[in-house]
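J.: In the order they appear, the protein sequences are chains A and B. Each residue of the first sequence is one higher than the one before, counting from 342 in the working numbering. Each residue of the second sequence is one higher than the one before, counting from 102 in the working numbering.
What the hints contain is simulated information worked out from the structure, not anything from laboratory work. Misleading hints may appear alongside valid ones.
[As the list claims (entries may be wrong)] In silico PhoX-like links for lysine-lysine, alpha-carbon gap of 20 Å or less:
id : chain 1 : residue 1 : chain 2 : residue 2
1  : A       : K355      : A       : K379
2  : B       : K148      : B       : K162
3  : B       : K504      : A       : K383
4  : A       : K355      : B       : K504
5  : A       : K379      : A       : K412
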Amino acid sequence: MEKIIQGKAYVLGKNIDTDQIIPAEHLVYSLSNPEEVKLYGKYALSGVPPEQGGLPEGNVPFIEEGHFDSKYTIIIAGQNFGCGSSREHAPFALKVAGIKAIIAESYARIFYRNSVDGGFVIPYETSEHLNQMINTGDELKIDVALNTIENLTRKVTYTLNPLGDVFSIVEAGGIFAYARQENLMAQS
Amino acid sequence: MAQTITQKILSKAANRTFVDAGESVWLNVDILLTHDVCGPPTFDIFKEEFGSNAKVWDPKKIVVLPDHYIFTANEHAHRNIDLLRQFAKEQGLEHYYDVGGDRYKGVCHVALAEEGFNLPGTVLFGTDSHTCTSGAFGMFGTGIGNTDAAFILGTGKLWEKVPESMKFTFDDQMPEYLTAKDLILQILGDITTDGATYRAMEFDGEAIFSLPMEERMTLTNMAIEAGGMNGIIAADEVTERYVKARSNKPYELFRSDPDAKYHSTYRYDVRKLEPVVAQPHSPDNRATVRSVQGTKITKSYIGSCTGGKLTDFVMAAKILKGKKVSVTTNIVPATVKVALDLEHERYDGQTLKQIFEDAGCSIALPSCAACLGGPADTVGRSVDNDVVVSTTNRNFPGRMGSKHAGVYLASPLTAAASAITGKLTDPRDFL
Ligand code: SF4
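Working from the sequences, and respecting the hints, build out all of it.
T.: Put into structure tokens, the structure is as follows:
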């Protein structure tokens, strides 16, 4: 697990559902064939209405024309990120697009579990309305040990909620790695 | 210590006598459900993690019901079915319901109930967010992702954080114009789409226990629309009768202790409620049908795990009998069983099928169909600026196809009444 996560912010509103993260018509690609996997990156966040993508201005493409990944590394969003269907393709698509961490005010349970157990992205929570304080394109730096996020562009630091119970799974890199480490899979 | 029904079921599955809300516990899983969209990637992860020759923990406890992309020419969709077939064969999964023959069932959550897999007191995980539907049977059911499902395939276990519970009590007798769909849309409007995140939604009260199983399933189905982990209704005689007719497996009845702790409680008098819709683009965007009456629609869609059960079609038929629809109206039975029932079940002397055909509806083959949009050739898929009144459970932008379409979620009564007039219409105008 990386101790420092640094990169550009992509800012979204609240209730970003899984149909916006990866629209259902794209769920047919293989998750293991490397050529098809790239398509998950290409279509990541393609269901977000354009004017709501890349706040505060909006109309900022997450993936540029002809690209398969994003120049952004950290998503900042409001409440209830990842609501909707149980598709694990959602955190997977974000990972393929190059996202390392999400900072939202709250998450839908299944999306949160998928992100943690699959080791795709780190779902941080914050009690502040960071999506109104950070602009798309700001350079951010997350310190995993300190639970802080620094906005290098604006020189402000915010605290993130500790990951709590799930930190050990995040740290191990997913539920399988964790289970091996703790010998939970021995009984199988 | 007093416990809610959800705590009691999870205690049992964790081999404990008490589990507290907020603690994470490892549960023994009774049934794992998967379908054509999430099955193949789950099997891939299983093999990657447990080895290419690994065997599942218990082939009798895995239920595979392809239902999402069935009647389409899309080749990726067909490949997914092939992958399910292959895995089922190699693992000896007796509960695999293949496409293209008599084993095919249809929408997984309804088929699970019909085939007797829903047993009070048990724990079900499924790779579909509406797995909470099964909570109507006094059991714990919740959705998970592929990684978690692969973990269960290999171990039969999964961790879960014991949820706090919210209690929703509906007093009095249901009036004819009101349905379970109106009740859940009412709740969603009150608590919003993240009002129950990480919690259990427990339904109680005279009105709830007067409902048939199918209607109870409509309530628990949409617990996830409020972010709920599970929806649950304690089993009663109605449940037991339904279960015993379909299964001879043992089950255990649980009830919440009277002094169990709740996160919050809500109380409604059903006589004071009205038919409601969820306006575009969120299931919590509630309005009474009366207040949006007259909004022009281009399509009416009656189908899905929420709104494509026999009871839904009986309600629709009540309104459509002897009438003509004025917009495209898709009737999409959730399962093959429901489709067959349309040919036999009668309302006022006519079969439901006759009623729908005479009214000018088109009846589709059973599957998820346009509930989630699906490939371009999917029946009922919304196009351009369609305005759809639909008995499904989600109306996020693009959910039923076109991103420019608007979807009004409604009861089968409201969807049928609106199909006739071509405008959103309160079903009381036709009852
Ligand atoms: S009918 Fe709709 S909500 Fe139900 S399982 Fe199918 S896609 Fe999901």
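J.: Each hint: holds or not?
T.: Results of checking the hints against the structure:
A threshold of 20 Å between alpha carbons decides the hint, and for K355 of chain A with K379 of chain A the separation of about 27 Å lies outside it, so the pair is violated. In summary, the hint linking K148 of chain B to K162 of chain B is supported, as the alpha carbons are separated by about 18 Å, within the 20 Å threshold. With a CA separation close to 18 Å, the supplied pair K504 of chain B and K383 of chain A stays within the 20 Å bound. The suggested pairing of K355 of chain A with K504 of chain B holds, with an alpha-carbon distance near 18 Å, which does not exceed 20 Å.
Annotation: proposed proximity of K379 of chain A to K412 of chain A holds, straight-line Cα distance about 15 Å (limit 20 Å).
The structure does not agree with numbered hint 1 stated previously, though it agrees with all others.
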